[in-house]
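Going down the list, the sequences are from chains A and B.
Take the first sequence: its position 92, counted from the start at 1, is 94 in my numbering, and no numbers get skipped.
Take the second sequence: its position 316, counted from the start at 1, is 318 in my numbering, and no numbers get skipped.
Keep in mind that a hint or two might mislead.
Below are the DSBU-like pairs computed for lysine-lysine, each with C-alpha atoms no more than 30 Å apart in a straight line [stated by the list, open to error]: (1) A:Lys247 / B:Lys276; (2) A:Lys91 / A:Lys308; (3) B:Lys306 / B:Lys22; (4) B:Lys154 / A:Lys191; (5) A:Lys154 / B:Lys94.
Treat the hints as calculated values from the structure; they're not laboratory data.
Number of protein chains: 2
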Amino acid sequence: MIKIIVDAMGGDNAPAEIVKGAIDALPLRENFMVVLTGDESLIGRELAKYKYDASRVEIVHTSEVITNDDVPTLAVRRKRDSSLVVGLKMLKEREDVGGFVSAGSTGAVLTGGIMFVGRIKGVMRPALCPGIPNVRGTQTLLCDCGANAECKPQYLVQFGIMASAYAKAAYGVENPRVGLVTNGAEEHKGDPLHQEAHQLMKVCPAINFAGNIEGREIMYGDVDVAVTDGFSGNIALKAIEGCGKTVASVLSTEFRRSAGSKLSYLFAKKPINKLKNMLDYSKMGGSVFLGLKKVVVKSHGSSKAKSITPSVLQALDACRGNLIRDIEQRLESMPVSENEGE
Amino acid sequence: MIKIIVDAMGGDNAPAEIVKGAIDALPLRENFMVVLTGDESLIGRELAKYKYDASRVEIVHTSEVITNDDVPTLAVRRKRDSSLVVGLKMLKEREDVGGFVSAGSTGAVLTGGIMFVGRIKGVMRPALCPGIPNVRGTQTLLCDCGANAECKPQYLVQFGIMASAYAKAAYGVENPRVGLVTNGAEEHKGDPLHQEAHQLMKVCPAINFAGNIEGREIMYGDVDVAVTDGFSGNIALKAIEGCGKTVASVLSTEFRRSAGSKLSYLFAKKPINKLKNMLDYSKMGGSVFLGLKKVVVKSHGSSKAKSITPSVLQALDACRGNLIRDIEQRLESMPVSENEGE
Chain A
3 MIKIIVDAMG GDNAPAEIVK GAIDALPLRE NFMVVLTGDE SLIGRELAKY
53 KYDASRVEIV HTSEVITNDD VPTLAVRRKR DSSLVVGLKM LKEREDVGGF
103 VSAGSTGAVL TGGIMFVGRI KGVMRPALCP GIPNVRGTQT LLCDCGANAE
153 CKPQYLVQFG IMASAYAKAA YGVENPRVGL VTNGAEEHKG DPLHQEAHQL
203 MKVCPAINFA GNIEGREIMY GDVDVAVTDG FSGNIALKAI EGCGKTVASV
253 LSTEFRRSAG SKLSYLFAKK PINKLKNMLD YSKMGGSVFL GLKKVVVKSH
303 GSSKAKSITP SVLQALDACR GNLIRDIEQR LESMPVSENE GE
Chain B
3 MIKIIVDAMG GDNAPAEIVK GAIDALPLRE NFMVVLTGDE SLIGRELAKY
53 KYDASRVEIV HTSEVITNDD VPTLAVRRKR DSSLVVGLKM LKEREDVGGF
103 VSAGSTGAVL TGGIMFVGRI KGVMRPALCP GIPNVRGTQT LLCDCGANAE
153 CKPQYLVQFG IMASAYAKAA YGVENPRVGL VTNGAEEHKG DPLHQEAHQL
203 MKVCPAINFA GNIEGREIMY GDVDVAVTDG FSGNIALKAI EGCGKTVASV
253 LSTEFRRSAG SKLSYLFAKK PINKLKNMLD YSKMGGSVFL GLKKVVVKSH
303 GSSKAKSITP SVLQALDACR GNLIRDIEQR LESMPVSENE GE
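Chain A with its partners taken away, still in its complex shape (with noise of 0.2 Å):
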């Protein structure tokens, strides 16, 4: 049976929350089961809270935990029994686990996940990649939200193959569209790294290349996948959440100040709702750790259980969907040497 780990301690709302999301996750999928890190007793405490299937959870006792006040490349080195560097070398060794959720430290699980779990031979650059909701009530995937603030043309390149492999292995799509995310549409637009992103993309027999796209298309959804360097990546995702944020408040206060307003908005609740529910990026699970050798989910900081669920369903769909297997097939027919992004 395939197992998914998930790092009880880590977030802020670690552990209840994370334990609650995890066992939530169970009777959603057959034939798979969690294996919780963290403290067993603060785990079990949890645990004892609910009916779930025993059967289908097991505790790894650790008895370190690395918070967002570590230094991130210290703290995998030095705190070796923490729930996070147990986890991902379990994730590594053991064959039958096939994925890893974690609400920590993202800078811990970025620089514990190379170290520990190792990137796919000729990957430049493993690169964070969330889906985003879009008009069409689908998602786009952004890669690379945040791993990478410094880019090279080529590391580009890589985040459309391995996003490409990522919408197929977990959505489905068979040959998913991937636009450059750039200050505009025409081909010249751009730094000199996306203008050379733009032709090397052009080339790739590993990306259905729909050419560069502007910030506001990422929620159109024209295209599956909008590539982006780690900085401009992280900006647009950021904006666009402190949009939704703002939205949903500006709605909340003029619903309370209009005349007639509790009837309103008794009328008005199912549709904003569901605009809320669009917007909320709690529901969605965590953002991908492209380009491991093994599936890496990074949850919210924040995550309640309600994020935890749909985070350890995406670590298994894409397991279930050869998503590494695929990444490795995708960049075998990449035109640019595995040297030159180093």
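Please arrange chain B on chain A, whose structure you already have, making use of the hints.
Below, chain B without anything else, positioned relative to chain A:
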């Protein structure tokens, strides 16, 4: 009487909407007039449709038009009798003219502005600076949002200085708070460009520096000015624009879909319109092109009259707020040499 030139031939809806927008601005402020550059007979035909104070409108006939199909750098050199070039030259030469508004080709406005109006002494790169609506109901200035895809650290410092001057001239903000948009709040975040800009901004006496901010904070209103390089700033601006459009579209769809839809929309109309209004860039005027010797406002290419009117007022308010003199004075206190950025 102060004069604002309006490029009557620039934009998708020229000249009809541009002419209407320009004369609609007249009753809203005293002691100013508009100068319309463009085809005299076309402008006359539009003006004939409305009642307005003819003593406050001047027409300057031009025979050429620069379109989006023109290559900007060539067009501003060759089409010397275009509404854009004639307008910019008048702006430069005539003392009684304080500002210029165009909804024409962005590239041509930027190139022409630098070529014919010229940079303020010490300005390395002029920058586009639109106002973004925020959750507090005010606007956050985003600078640069697209004039400079490639930047040096000193440019970013100047963007902060120039936008601070504009926050004071346009909104009366006495000591504008300036944030640097990066991929994380911590001081060390970002690529070398933003890391170095952070250090320069921290010690710049002409900036009230609030440190790094993330993309989501652009709409939270805690800073008055959000400094970005033109590449990521453009992506952030458009990501927010796309999110706003997506929200409006989802709300419309959901209200049509939900049971008792028409009734519920009747009740919810007011708050939702308030939201749409807030997110409606067209009503906010254009982007000021900061760093030139006179005030230039670039209005959106798809501007209708309701976007041209606020752009005209924006140009007028910036003149009356002594924007140019204020930028000159603030730049004098900048601790980098004029030539470093060249």
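### Task
Mind listing which of the numbered hints don't hold for this structure, in increasing order?
5
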